[in-house]
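Trainee: Listed here are the chains, written in short residue letters.
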Amino acid sequence: MSIISFPAALRVRNFSWSQLRLDMAFKSAFGSQSLEVSPPLWEASFEVNAMYEQHIGAWQSLLLSLKGQTNQLALWNFARPYPLGTMRGEMTLNLAAAQGAESLSIIAATEASKTLKAGDFLGVGTGSAKQVVMVMEDAVADGSGIILVNTQPALRNALLLGASVTWDKPTALFRRKDSKSTWIYQPGLIMDGFSVALVEDTRT
Amino acid sequence: MNLTPGQQTELEKPVVRIAFFVEFRFLTKTVYLSSLGQTISWGGHEWVGFGAIGNIGSVDESLGTAASALTFQLNLAQIEWLALATGDTAEYRGRDAKLYFCPLNESFQLVDTPVICWRGTMDTMQASITGEAGDASAALVLKCETSAYGLKRKSSLRLNAMQHKQRHPLDTGFDYLVDLLGNPDGNIWVSKLFQMR
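Those protein sequences? They're chains A and B, same order as listed.
Take the position in the first sequence, starting the count at 1, then add 7; the result is the number in the numbering used here.
Take the position in the second sequence, starting the count at 1, then add 11; the result is the number in the numbering used here.
No lab work stands behind these hints: they were computed from the structure.
Keep in mind that the hints are not guaranteed to be accurate.
[What the hints assert, rightly or not] Across the chosen pairs, the derived CB separations fall in these ranges:
#, chain 1, residue 1, chain 2, residue 2, range
1, A, ARG87, B, TRP53, 32 to 42 Å
2, B, LYS154, A, GLY169, 44 to 54 Å
3, A, THR211, B, HIS56, 15 to 25 Å
4, B, ASP123, A, GLU97, 33 to 43 Å
[Said to hold, decoys possible] In the SDA-like style, the derived pairs of lysine to any residue whose C-alpha atoms are separated by at most 20 Å in a straight line are:
#, chain 1, residue 1, chain 2, residue 2
5, B, LYS24, A, GLY134
6, A, LYS176, A, GLY134
7, A, LYS34, B, LYS24
8, A, LYS184, B, GLU143
9, B, LYS24, A, SER41
10, B, LYS24, A, VAL206
11, A, LYS187, A, VAL206
12, B, LYS24, A, PHE37
Bear in mind the structure is a predicted one, so any value in this text is a computation, not a measurement.
By construction, the Cβ of each residue, glycine as well, lies at the ideal position given by its N, Cα and C atoms.
Throw the hints in and build the complete structure from the sequences for me.
Mentor: Okay, structure coming up:
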């Protein structure tokens, strides 16, 4: 199984990014309770414009390279590929983070007094531990470039001191929700637009 | 199942999170699985999640002394499970299985230590693939019996007259065992004189 990178040159008509809570609810006249059976996952989907058939090759290649639900697609949030905050540079964890942690202490020595904004995305971990988290509140780095941010969702895996933190198009690993690929052609060799639905899946 | 106060408190919240952990003691190795979509460490082991457990069957109560089995639906796509299902039954037949339960906090961290909620014996393993091409599903069903499983095999384990006479050829003590069991209401209690013959 392989990880396919989304080609940066491809453009989508629209894009959605969601959090999927794996829960079920019990409701009755006397009360209710919900049960979550697993940590939440990211969901993403995008739609592609109708285009002339001669331009569709790159999209067809992308979909077929996913081999249905076999391979994973590394995808970042198109709406916020970089933090709205000013913090850049080489970010690493200033403190180790435990499994389930909802805050990260990050250091970037060249980024004193820089900021991260609520809604910024950060990428942590590698392989099956790869995860994208969202900054929950605005934060400012101190004079040493150390910044403490509250993040969601909770970390699925523990992270070591010094682990790398990605701010430039942090990608999560997704698999297609369905394995079928269809292209509908109209007269004039125009291909209808199509959509792709994905759910986060870190299994390699 | 004895929950800690912290676990009980967690289960009384409007939104709860739970995890099941399954321990299968196969002949060649012990496998530790989790119902979560991630691997969790506790008890000195790594409990692998990621969809290894597809489903855990319900435990039904019934009248009488019938023992109810618990079925685990496992991921047939994992090649090691398929090897177990098609391999030597000694790998799993009659070996222990344990099920643990633990509530999780809002960060999906274990609340105290998981408690054992069921233990039994692995019995049968069946693999099935259903559906049509392009829309097929596959599952591996591992049926586990409780300790009451031994009651189901009581008749085959009972010592009979022929087995007893192999050691004690002249002892007729088991000769009427089948009649006594088969006709409990019509038993005739013989006299001492009869038994001394």
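Trainee: Would you mind marking each hint as holding or not holding in the structure?
Mentor: Verification of the hints:
| no. | hint | in the structure |
| --- | --- | --- |
| 1 | A:ARG87 / B:TRP53: 32 to 42 Å | 36 Å, holds |
| 2 | B:LYS154 / A:GLY169: 44 to 54 Å | 48 Å, holds |
| 3 | A:THR211 / B:HIS56: 15 to 25 Å | 21 Å, holds |
| 4 | B:ASP123 / A:GLU97: 33 to 43 Å | 39 Å, holds |
| 5 | B:LYS24 / A:GLY134 | 34 Å, violated |
| 6 | A:LYS176 / A:GLY134 | 17 Å, holds |
| 7 | A:LYS34 / B:LYS24 | 14 Å, holds |
| 8 | A:LYS184 / B:GLU143 | 18 Å, holds |
| 9 | B:LYS24 / A:SER41 | 9 Å, holds |
| 10 | B:LYS24 / A:VAL206 | 28 Å, violated |
| 11 | A:LYS187 / A:VAL206 | 15 Å, holds |
| 12 | B:LYS24 / A:PHE37 | 15 Å, holds |
Figure legend: structure checked against the earlier numbered hints; hints not met, in rising order: 5 and 10.
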